[in-house]
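Hints given; two lone chains; assemble the complex.
Protein sequence lines correspond, in order, to chains A and B.
By our numbering, the letter at position 10 of the first sequence is numbered 10, and the numbering carries on one by one without gaps.
For any residue, its number in our numbering is found by taking its place in the second sequence, counting from 1, and adding 1000.
It should be emphasised that the hints constitute simulated quantities derived from the structure, not laboratory data.
Predicted model, so just to flag it, every value in this text is computed and none were measured.
Glycine is no exception: its CB is placed at the ideal position from the N, C-alpha and C atoms.
One or more hints might be untrue.
The list that follows gives simulated cross-link-like pairs (lysine to any residue, SDA-like), each with its CA atoms no further than 20 Å apart [to be verified]:
hint, chain 1, residue 1, chain 2, residue 2
1, A, K4, B, T1092
2, B, K1119, B, E1298
3, B, K1008, B, M1260
4, B, K1039, A, I21
5, A, K31, B, R1044
6, A, K2, B, F1013
7, B, K1287, B, T1092
8, B, K1113, B, K1287
9, B, K1284, B, D1126
10, B, K1039, A, E39
11, B, K1113, B, F1013
12, A, K2, B, M1260
13, A, K2, B, K1113
14, A, K2, B, F1116
Between beta-carbon pairs, the in silico distance windows are [claimed, not checked]:
hint, chain 1, residue 1, chain 2, residue 2, range
15, A, K3, B, L1019, 30 to 38 Å
16, A, A11, B, A1075, 49 to 57 Å
17, B, I1234, A, G24, 46 to 54 Å
18, A, G24, B, P1263, 32 to 40 Å
19, B, L1177, A, L35, 14 to 22 Å
20, A, F18, B, C1289, 37 to 45 Å
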Amino acid sequence: MKKKLWMLISAAGILLMFFGILRGEADTVLKKAILICLECIGIG
Amino acid sequence: MVKKPPVKLHVRFRGLIQLFFAVLTNSFITGFIAGKIYKGDLKRVCAPGLNCYSCPGAVLACPIGALQAVVSSRAFNISLYVGGFLLLVGATLGRFVCGFLCPFGMIQEWLYKIPFPWKKNHFKGDRQLRYLKYVMLAVLVILLPTFMVNATGTGSPTFCKYVCPAGTLEGAIPLVLLSGSAQAKTISSVIGGGIPAASAEMAFPQLQFDLPGSSLAPQYDIGFLFYWKMFILIAVVLISVVNWRPFCKYLCPLGAIYGMMNPISLYRLRMDDDLCIHCHKCAKACKTCLDPEHRQNEAECVRCGDCVKVCPTGALSLGFGDKKTNKVPAPNRQALK
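Just chain B, same shape as in the assembly (with noise of 0.2 Å):
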């Protein structure tokens, strides 16, 4: 019987390493303790995946929130800072970003894993609604964060603002869970022992607690818009369960971004077409319905490594650049089908 040949590391780990950088990038603990955000020096730098830079955890900037900030700011209409960021970072990684270092990428992904009887990754339709994201790109991020300016000459963060459900899941639950009543309540349950929560401002007075009733205390606006971007996290939340990662394949601008850079990147799928035995268990295993045998770097591919899993002969592989690799001695090949 022949072996069927190891898998890499990181694609075997990848599960472990979303969540490393999940907890790297969200990593201000003090935050969620206080209701605050972090405003140190590293928020100059960005993250390479989508994550609110008002989430309290949050010590880099998020991409897409920052190119809207640059873009809608009176300076500048367009941003060489964050572009060049994204170009860098997409022409080195492509939607390796994705499938390895997104956060809300791997919570889409918990909750897929949320059994379910009907789990349902390509319908009528699922091509065509995929180029929604470009629109978002072009649309919410750029176009009128840029031209759709008041008086003073700045603009708003559209995506942010009326879709982006990361925002809401990581910025605007917790914070506004963390304010008022709920944050006393917060504060005491984390510090422990029912402490309350005056107690924990005077023992932490670096952390400038909002307490309720104080000057500092946070009046959060809860409207019709954070109803609307609750309902749509509630939806992608919902769909989520039974659709693999809806957000990331029909919403998100920054992987129409890195998409877009898939096929040219470094980091890439490859296939050796002398190792394959065109099983098709790739195409298969693939919940974002592609066919790694014929096509490997579409823009919809996030790397996350179930086709290579999967592969019996060690055809395809991820890595960077494009070395072939040839696990398997051609004459093995059939005893592995």
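Next comes chain A alone, as it looks inside the complex (with noise of 0.2 Å):
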């Protein structure tokens, strides 16, 4: 039973990352990651 709740679980976020990606949301993700973001660590 949990391995097939695990299995779902996994399925659907496998879908969502799917889908987040083809919306772009990598790329937002990346933009922000390769920026020393300084408001996030305080210095900005």
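What follows is the structure, encoded as structure tokens:
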């Protein structure tokens, strides 16, 4: 039962990731992560 | 005499695994030399644990930073990408990530190893305080970045900005130390032989050293926010000496997410009731004050394996699925008590 639940959640996770990448979320993450986020670390 | 059953290798060498992953996720060495951060495509991918992407060595994105970056952007209000990643990792590993793959958790554990006569893991209000991390997740990671937006429709990464001590330790402090005159000194000492910083820049032009006085030199605003975050970091560091992983227990929103997945995660703490001799050694060994004999997959369990190590019969084990272990035959159990 737990294994089935894991498979269901994992499949949902992979699908969400896929659609997230399709709509450009990974690019948003990249844009934020490659610049030093001064406000994130409290020096800007 | 009955021999104590062996503990799985990954549990025995957890400290080494933690160190390996901390180095692996912060392996951009040139960043530490030049005061720069990694700008490659790998940063589209989230690290499983809390690891600031403004750390000079970070090669992956922090999942909590990434989540706030997406929900605070003008284009999106929810993050399918980061949400899906957290679902997948959480459902598979749960808080194994906290115990094995999180660099900031490792640092807190090192601090706890500092000898101190007064170690305190159980105190009045401890249980209630642990709900604070869910408030952090809901308010500072999701609600405020999504809805508290400026005129352009962009929000702010409020958890990173006002709380996250990992960002201060891994991002702010190295970057401030590597900038200005301190940076020049660091570059010389790292490259060795008292080579001036300017020589270092000539030798490694691809690194684009931000030398003091050059147009590239970063101007960091060391103001109230920096001191506030330094205060939080120092508090976490000091408390970590007396209390085991306080940030993970009380503040970490990533721990809150993985904790919610702990009861259903594929990687789990397993209990073989037939082997348990009710010696309560597991509960005494647990630094998060849990009772593994009766509840194995609580949200607070970071899968450190301390209970597994002290279990004399092998009734407790860590692994994927619900497989039971029968390491010690029933007649020998009393001899282990």
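Structure-based check of each hint:
{"no.": "1", "hint": "A:K4 <-> B:T1092", "verdict": "holds (12 Å)"}
{"no.": "2", "hint": "B:K1119 <-> B:E1298", "verdict": "violated (23 Å)"}
{"no.": "3", "hint": "B:K1008 <-> B:M1260", "verdict": "violated (25 Å)"}
{"no.": "4", "hint": "B:K1039 <-> A:I21", "verdict": "holds (19 Å)"}
{"no.": "5", "hint": "A:K31 <-> B:R1044", "verdict": "holds (8 Å)"}
{"no.": "6", "hint": "A:K2 <-> B:F1013", "verdict": "violated (28 Å)"}
{"no.": "7", "hint": "B:K1287 <-> B:T1092", "verdict": "violated (24 Å)"}
{"no.": "8", "hint": "B:K1113 <-> B:K1287", "verdict": "holds (12 Å)"}
{"no.": "9", "hint": "B:K1284 <-> B:D1126", "verdict": "holds (17 Å)"}
{"no.": "10", "hint": "B:K1039 <-> A:E39", "verdict": "holds (18 Å)"}
{"no.": "11", "hint": "B:K1113 <-> B:F1013", "verdict": "holds (16 Å)"}
{"no.": "12", "hint": "A:K2 <-> B:M1260", "verdict": "holds (15 Å)"}
{"no.": "13", "hint": "A:K2 <-> B:K1113", "verdict": "violated (36 Å)"}
{"no.": "14", "hint": "A:K2 <-> B:F1116", "verdict": "violated (42 Å)"}
{"no.": "15", "hint": "A:K3 <-> B:L1019: 30 to 38 Å", "verdict": "holds (32 Å)"}
{"no.": "16", "hint": "A:A11 <-> B:A1075: 49 to 57 Å", "verdict": "violated (26 Å)"}
{"no.": "17", "hint": "B:I1234 <-> A:G24: 46 to 54 Å", "verdict": "violated (39 Å)"}
{"no.": "18", "hint": "A:G24 <-> B:P1263: 32 to 40 Å", "verdict": "holds (34 Å)"}
{"no.": "19", "hint": "B:L1177 <-> A:L35: 14 to 22 Å", "verdict": "holds (19 Å)"}
{"no.": "20", "hint": "A:F18 <-> B:C1289: 37 to 45 Å", "verdict": "holds (40 Å)"}
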